[in-house]
Amino acid sequence: MSSYKNDYQWSQIVETLNKTISRRDFIITSVAAGVMTMVPRFVTAGAAEPYRIGVCLPTTGSGANYSERPIKGLPLIAAEINKRGGLLGKHPIELYFRDTQTKPDVGAREARSLILNEKVQTIIGTWSSAVAMAIQEITHEHKVLHLAATSNSSKIVNENYTPYSFQFGPNSRMQSGATVVAVLNMIKSKGWKSYVTLGLDYEWGRDAQKVFVDKLTKESPETKLIKVFWAKLGETDFTSYITAIMALKPDFMFGAIAGKDNETFVQQAKASGLFKRIAYPGVFLPVTELMQQRKTLPRHIIGLNRCPFFAHMDNPIMQKYVKMYQDKFGKDDYPDDFACMYFDALNGLDQGVTKAGSTDSDAVRKALTGATIDTCRGKLTFRDCNNQLDAASYVGEVVDTPDYPFPIFDPKSMVAVQGHEVWVPTCEEVRKLQKKRI
Amino acid sequence: MTSSAGKSKKKGSINGLYRQAGLTGTIALILGIGFLLVPLLPGEFPVIVAVEILILGLFAMSFNLIYGYMGQISFGHAAFFGLGAYATALMFRAFQGATGEIGYLDFFLSLLSAVPVSAMGALVVGFFCVRLTGIYFALLSLAFGELVFYVVFSWYGFTGGDDGIQGLMPPPFFRDTVNYYYFTLAIVAIAVVVLWRITQSPFGYSLRMLRENQQRAAFLGINVRLCMLVNFVIAGTFAGVAGALWGPFQRSVSPVLLGWTQSGIPVFMTLIGGASFFGGPMVGSVIYTALNSYVTRFTMYWPLTIGVIILFLVLFVPGGILSVVDARMAAYRRRRESDADISAGSADGREGVQ
Numbered sequence: 001m002s003s004y005k006n007d008y009q010w011s012q013i014v015e016t017l018n019k020t021i022s023r024r025d026f027i028i029t030s031v032a033a034g035v036m037t038m039v040p041r042f043v044t045a046g047a048a049e050p051y052r053i054g055v056c057l058p059t060t061g062s063g064a065n066y067s068e069r070p071i072k073g074l075p076l077i078a079a080e081i082n083k084r085g086g087l088l089g090k091h092p093i094e095l096y097f098r099d100t101q102t103k104p105d106v107g108a109r110e111a112r113s114l115i116l117n118e119k120v121q122t123i124i125g126t127w128s129s130a131v132a133m134a135i136q137e138i139t140h141e142h143k144v145l146h147l148a149a150t151s152n153s154s155k156i157v158n159e160n161y162t163p164y165s166f167q168f169g170p171n172s173r174m175q176s177g178a179t180v181v182a183v184l185n186m187i188k189s190k191g192w193k194s195y196v197t198l199g200l201d202y203e204w205g206r207d208a209q210k211v212f213v214d215k216l217t218k219e220s221p222e223t224k225l226i227k228v229f230w231a232k233l234g235e236t237d238f239t240s241y242i243t244a245i246m247a248l249k250p251d252f253m254f255g256a257i258a259g260k261d262n263e264t265f266v267q268q269a270k271a272s273g274l275f276k277r278i279a280y281p282g283v284f285l286p287v288t289e290l291m292q293q294r295k296t297l298p299r300h301i302i303g304l305n306r307c308p309f310f311a312h313m314d315n316p317i318m319q320k321y322v323k324m325y326q327d328k329f330g331k332d333d334y335p336d337d338f339a340c341m342y343f344d345a346l347n348g349l350d351q352g353v354t355k356a357g358s359t360d361s362d363a364v365r366k367a368l369t370g371a372t373i374d375t376c377r378g379k380l381t382f383r384d385c386n387n388q389l390d391a392a393s394y395v396g397e398v399v400d401t402p403d404y405p406f407p408i409f410d411p412k413s414m415v416a417v418q419g420h421e422v423w424v425p426t427c428e429e430v431r432k433l434q435k436k437r438i
Numbered sequence: 001m002t003s004s005a006g007k008s009k010k011k012g013s014i015n016g017l018y019r020q021a022g023l024t025g026t027i028a029l030i031l032g033i034g035f036l037l038v039p040l041l042p043g044e045f046p047v048i049v050a051v052e053i054l055i056l057g058l059f060a061m062s063f064n065l066i067y068g069y070m071g072q073i074s075f076g077h078a079a080f081f082g083l084g085a086y087a088t089a090l091m092f093r094a095f096q097g098a099t100g101e102i103g104y105l106d107f108f109l110s111l112l113s114a115v116p117v118s119a120m121g122a123l124v125v126g127f128f129c130v131r132l133t134g135i136y137f138a139l140l141s142l143a144f145g146e147l148v149f150y151v152v153f154s155w156y157g158f159t160g161g162d163d164g165i166q167g168l169m170p171p172p173f174f175r176d177t178v179n180y181y182y183f184t185l186a187i188v189a190i191a192v193v194v195l196w197r198i199t200q201s202p203f204g205y206s207l208r209m210l211r212e213n214q215q216r217a218a219f220l221g222i223n224v225r226l227c228m229l230v231n232f233v234i235a236g237t238f239a240g241v242a243g244a245l246w247g248p249f250q251r252s253v254s255p256v257l258l259g260w261t262q263s264g265i266p267v268f269m270t271l272i273g274g275a276s277f278f279g280g281p282m283v284g285s286v287i288y289t290a291l292n293s294y295v296t297r298f299t300m301y302w303p304l305t306i307g308v309i310i311l312f313l314v315l316f317v318p319g320g321i322l323s324v325v326d327a328r329m330a331a332y333r334r335r336r337e338s339d340a341d342i343s344a345g346s347a348d349g350r351e352g353v354q
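From first to last, the protein sequence lines stand for chains A and B.
Quick note: the first sequence, position 115, residue 115 per the working numbering, numbers continuous.
Quick note: the second sequence, position 51, residue 51 per the working numbering, numbers continuous.
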């Protein structure tokens with residue numbers, strides 16, 4: 001139990017770091033973080049068979065922005081489970097956080113360290129798919145459960161499938177498919193006839209663009225693709241693309257742009273008035289971005305989200321989680337997509353262990369395969385051929401509401417596309433993708 | 001003097017070893033014995049850390065051929081490490097086929113493929129880089145490094161793009177951590193001996209001359225560009241060998257291995273250990289990798305830790321850890337010799353009196 005006190009302190013450290021702090025405070029806090037990470041192994045030494053979980057998240061590198069709330073939220077869930085004695089009522093959870101630095105080799109090393117030094121039985125993480133897949137190799141080799149809470153490459157459950165990995169969010173292919181479903185609705189309702197695409201010129205960008213164009217051409221052949229634009233990765237000036245797109249006057253544009261590049265594009269497009277003339281459906285806008293860009297984010301653009309709390313406030317589990325989170329971190333803070341998916345991962349593990357009646361990794365993975373679990377997004381089922389959760393992708397228009405101090409997706413028009421509507425259709429096709437593992 | 005030297009030898013201490021083998025020999029002996037005994041440490045993790053130390057140590061030593069011996073700094077050296085890693089990974093994938101297994105011969109062929117690939121890469125990049133020196137050499141190497149990175153990052157169909165390549169499981173014997181460790185130790189030991197021979201050859205001394213004064217070297221008849229190019233290719237090849245060992249060890253490769261942050265690792269290691277010592281980068285690797293592996297258990301702020309260490313070294317120990325050891329050992333030796341001379345002089349004096 002005392003480990004949660006430690007983890008709470010850890011989350012406070014993260015919270016403190018997010019505020020402006022002095023150099024002296026930063027150094028003291030860093031040293032304190034190090035010392036407190038050591039505490040659980042001593043203070044829980046007397047507890048009966050704790051269940052150790054490694055949490056791999058980037059606190060440095062490009063993914064650090066999305067780690068804050070999972071780091072804050074996970075200890076709350078663990079504490080909740082520990083109130084009843086832990087997993088199966090007798091295995092209190094201990095969490096071990098590690099920074100992957102958004103680097104696959106660091107992720108692999110940390111996974112090994114967690115397994116060999118801390119004796120963790122499950123690793124949750126991480127943000128980057130490349131890092132998650134490096135971790136997946138290690139967990140598979142050591143027969144340790146890997147809960148891919150937010151990393152969403154479809155390879156994790158298809159090409160690189162291992163029975164020890166479970167994916168809790170919609171994968172990249174499912175997200176692209178969901179955008180097509182949402183766009184088809186909008187084509188019908190708004191009478192769109194033409195579009196352009198703008199993608200980052202590397203494989204993810206080209207792949208996402210191709211999936212979208214292929215599916216849309218198949219479903220709506222009358223919708224015309226006017227022009228295809230490719231921007232280089234790390235582009236800082238999208239002006240020429242924006243000008244060219246506006247000159248073509250399409251009804252909408254599809255963007256295969258991610259991360260910092262997307263933020264740059266959105267800001268420049270907003271300044272040039274692109275969003276007033278052309279719809280931009282499918283831009284990835286997690287709750288993190290909705291909160292952080294509350295003042296600058298253009299309204300009425302159509303975004304995509306993986307686990308928005310505001311879409312499920314009628315679900316008692318989500319209500320409980322948001323309340324728990326806000327009681328601890330204040331009324332102005334909300335759990336983002338990433339925190340919600342980590343929440344579901346830990347709760348899903350709890351349900352898997354309960355179903356298995358054991359903490360043995362093989363028993364738990366068998367119990368979770370094909371299982372239906374309660375999540376903050378409702379009851380969802382793992383696909384038994386690849387452990388992909390039937391998670392929805394949410395597409396909606398960014399609007400202000402009186403309920404929240406930041407914009408959300410318009411509840412009236414938001415579309416939730418369930419995983420089974422857009423994932424690889426049959427298990428036979430999935431198995432063809434899965435490479436043989438030793 | 002003879003008697004004092006004899007006394008010193010009789011001591012059989014580190015100082016005696018230092019007198020016999022010099023700093024490089026002493027460090028080699030200490031590290032060699034240490035590496036051989038690593039598997040006796042409790043647990044598997046120290047062996048994993050040691051594999052990482054060896055691979056990254058070889059990577060840093062190859063970098064030091066360019067930095068410490070030739071006097072140029074390369075910020076794109078990871079390109080060759082990554083090329084070696086990817087050459088092995090791609091061959092691995094080709095040999096694995098549908099079964100997911102790889103045979104022993106195929107495994108060795110995969111590793112060997114890193115040599116020509118990284119050498120060719122270094123030849124092409126080096127051809128342009130050696131035309132420049134100083135900051136221009138550094139910037140051009142960085143530019144080429146990033147170029148190679150983006151090719152690997154973007155070429156999804158061939159390299160796996162930003163996802164990298166996973167599932168590089170070696171044959172059964174090498175899946176055992178200790179077996180792979182000793183295999184790595186053997187390869188790295190051979191590579192280090194070859195590097196040592198190169199640095200002690202006339203070619204190695206030509207490199208030192210290029211570091212000190214290229215104009216004078218050219219005046220004496222040394223083909224400066226050719227010499228630099230050959231060294232660049234040798235350094236790139238050894239970086240490729242290190243990279244080849246990396247993939248089967250981590251079971252995966254990713255484009256990060258070719259990026260500029262990866263190129264910073266041998267720079268850090270060399271600065272920590274000491275660029276003017278042959279074993280400096282390996283000592284740097286021991287310190288850097290061990291710290292990285294264990295500090296992250298206690299704090300998530302590893303970059304802050306390494307930043308403070310580098311700052312301390314640059315400000316107070318610019319020659320690296322070995323420069324301090326070398327200076328201390330030399331001072332100790334001088335003091336002992338001086339004391340011995342005084343005692344011998346007193347004894348002589350007493351004898352004279354008697």
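By construction, these hints were calculated from the structure, which means they are not laboratory data.
Hints are not guaranteed to be accurate.
Each computed DMTMM-like pair below joins lysine to aspartate or glutamate, with the alpha-carbon atoms no more than 25 Å apart [what the hints assert, rightly or not]:
#1 A:Lys366 / A:Glu118
#2 A:Lys435 / B:Asp176
#3 A:Lys436 / A:Glu397
#4 A:Lys435 / A:Asp362
#5 A:Lys119 / A:Glu222
#6 A:Lys270 / A:Glu222
#7 A:Lys436 / B:Glu101
#8 A:Lys355 / A:Asp410
#9 A:Lys119 / B:Glu101
#10 A:Lys190 / A:Asp201
#11 A:Lys119 / B:Glu44
#12 A:Lys436 / B:Asp106
#13 A:Lys436 / B:Asp176
#14 A:Lys270 / A:Asp410
#15 A:Lys143 / B:Glu101
#16 A:Lys143 / B:Glu44
#17 A:Lys435 / B:Glu101
#18 A:Lys260 / A:Glu428
#19 A:Lys227 / A:Asp251
#20 A:Lys435 / B:Asp106
#21 A:Lys190 / A:Asp333
#22 A:Lys412 / A:Glu429
#23 A:Lys260 / B:Glu146
#24 A:Lys232 / B:Glu101
#25 A:Lys276 / A:Asp332
#26 A:Lys227 / A:Asp237
#27 A:Lys143 / B:Glu146
#28 A:Lys188 / A:Asp237
#29 A:Lys295 / A:Asp333
#30 A:Lys412 / A:Glu397
#31 A:Lys432 / B:Glu101
Cross-check of the supplied hints:
Simply put, Lys366 of chain A and Glu118 of chain A have alpha-carbon atoms about 24 Å apart, close enough for the 25 Å limit, and the pair holds. Of the supplied pair hints, the one linking Lys435 of chain A and Asp176 of chain B holds, its CA atoms being roughly 23 Å apart against a limit of 25 Å. Of the pairs offered as hints, the one joining Lys436 of chain A and Glu397 of chain A is violated, with about 42 Å between alpha carbons and a cut-off of 25 Å exceeded. Between Lys435 of chain A and Asp362 of chain A the alpha-carbon distance is near 20 Å, which keeps this suggested pair within the 25 Å criterion.
Pair hint Lys119 of chain A plus Glu222 of chain A does not hold up; C-alpha atoms about 57 Å apart against a cutoff of 25 Å. For the proposed pair Lys270 of chain A and Glu222 of chain A, the alpha carbon gap of about 29 Å is over 25 Å, so the pair is violated. Restraint check for Lys436 of chain A and Glu101 of chain B: the C-alpha separation of about 9 Å stays at or below 25 Å, so the hint holds. Proposed proximity of Lys355 of chain A and Asp410 of chain A is contradicted: the alpha carbons are some 38 Å apart, above 25 Å.
A distance of roughly 28 Å separates the Cα atoms of Lys119 of chain A and Glu101 of chain B; the hinted pair therefore is violated under the 25 Å criterion. Restraint check for Lys190 of chain A and Asp201 of chain A: not satisfied, since their Cα atoms lie roughly 30 Å apart, outside the 25 Å limit. About 12 Å separates the Cα atoms of Lys119 of chain A and Glu44 of chain B, which keeps this hinted pair within 25 Å; it holds. Of the supplied pair hints, the one linking Lys436 of chain A and Asp106 of chain B holds, its CA atoms being roughly 18 Å apart against a limit of 25 Å.
Pair hint Lys436 of chain A plus Asp176 of chain B holds up; C-alpha atoms about 21 Å apart against a cutoff of 25 Å. About 19 Å separates the Cα atoms of Lys270 of chain A and Asp410 of chain A, which keeps this hinted pair within 25 Å; it holds. For the hint pairing Lys143 of chain A with Glu101 of chain B, the CA-to-CA distance comes to about 18 Å; that is within 25 Å, so the pair holds. Of the supplied pair hints, the one linking Lys143 of chain A and Glu44 of chain B holds, its CA atoms being roughly 16 Å apart against a limit of 25 Å.
Note on Lys435 of chain A and Glu101 of chain B: the hinted pairing holds, with a Cα-Cα distance of about 11 Å set against a maximum of 25 Å. Distance hint between Lys260 of chain A and Glu428 of chain A is unfulfilled; the C-alpha atoms sit about 37 Å from each other, more than 25 Å. Proximity of Lys227 of chain A to Asp251 of chain A is assessed by CA-CA distance (about 12 Å); at most 25 Å being required, the pair is judged to hold. Under the criterion of a C-alpha separation no larger than 25 Å, the hint pairing Lys435 of chain A with Asp106 of chain B is consistent with the structure, at around 19 Å.
Among the hinted pairs, Lys190 of chain A with Asp333 of chain A is inconsistent with the structure: their alpha-carbon atoms are about 35 Å apart, more than 25 Å. The hinted pair formed by Lys412 of chain A and Glu429 of chain A fails the criterion: a straight-line CA distance of about 36 Å is larger than 25 Å. Simply put, Lys260 of chain A and Glu146 of chain B have alpha-carbon atoms about 19 Å apart, close enough for the 25 Å limit, and the pair holds. The straight-line distance between the Cα atoms of Lys232 of chain A and Glu101 of chain B is roughly 38 Å, outside the 25 Å bound, and the hint therefore fails.
Straight-line distance between C-alpha atoms of Lys276 of chain A and Asp332 of chain A comes to about 30 Å, which puts the hinted pair past the 25 Å bound. Straight-line distance between C-alpha atoms of Lys227 of chain A and Asp237 of chain A comes to about 19 Å, which keeps the hinted pair within the 25 Å bound. Straight-line distance between C-alpha atoms of Lys143 of chain A and Glu146 of chain B comes to about 37 Å, which puts the hinted pair past the 25 Å bound. Taking the CA atoms of Lys188 of chain A and Asp237 of chain A, the gap is about 34 Å. The hint is violated against a cut of 25 Å.
Restraint check for Lys295 of chain A and Asp333 of chain A: satisfied, since their Cα atoms lie roughly 16 Å apart, inside the 25 Å limit. For the proposed pair Lys412 of chain A and Glu397 of chain A, the alpha carbon gap of about 9 Å is at most 25 Å, so the pair holds. A C-alpha spacing of about 18 Å is found between Lys432 of chain A and Glu101 of chain B, which places the hinted pair at or below 25 Å, so the restraint holds.
Checked against the numbered hints given earlier, the structure breaks hints 3, 5, 6, 8, 9, 10, 18, 21, 22, 24, 25, 27, 28 and satisfies all the rest.
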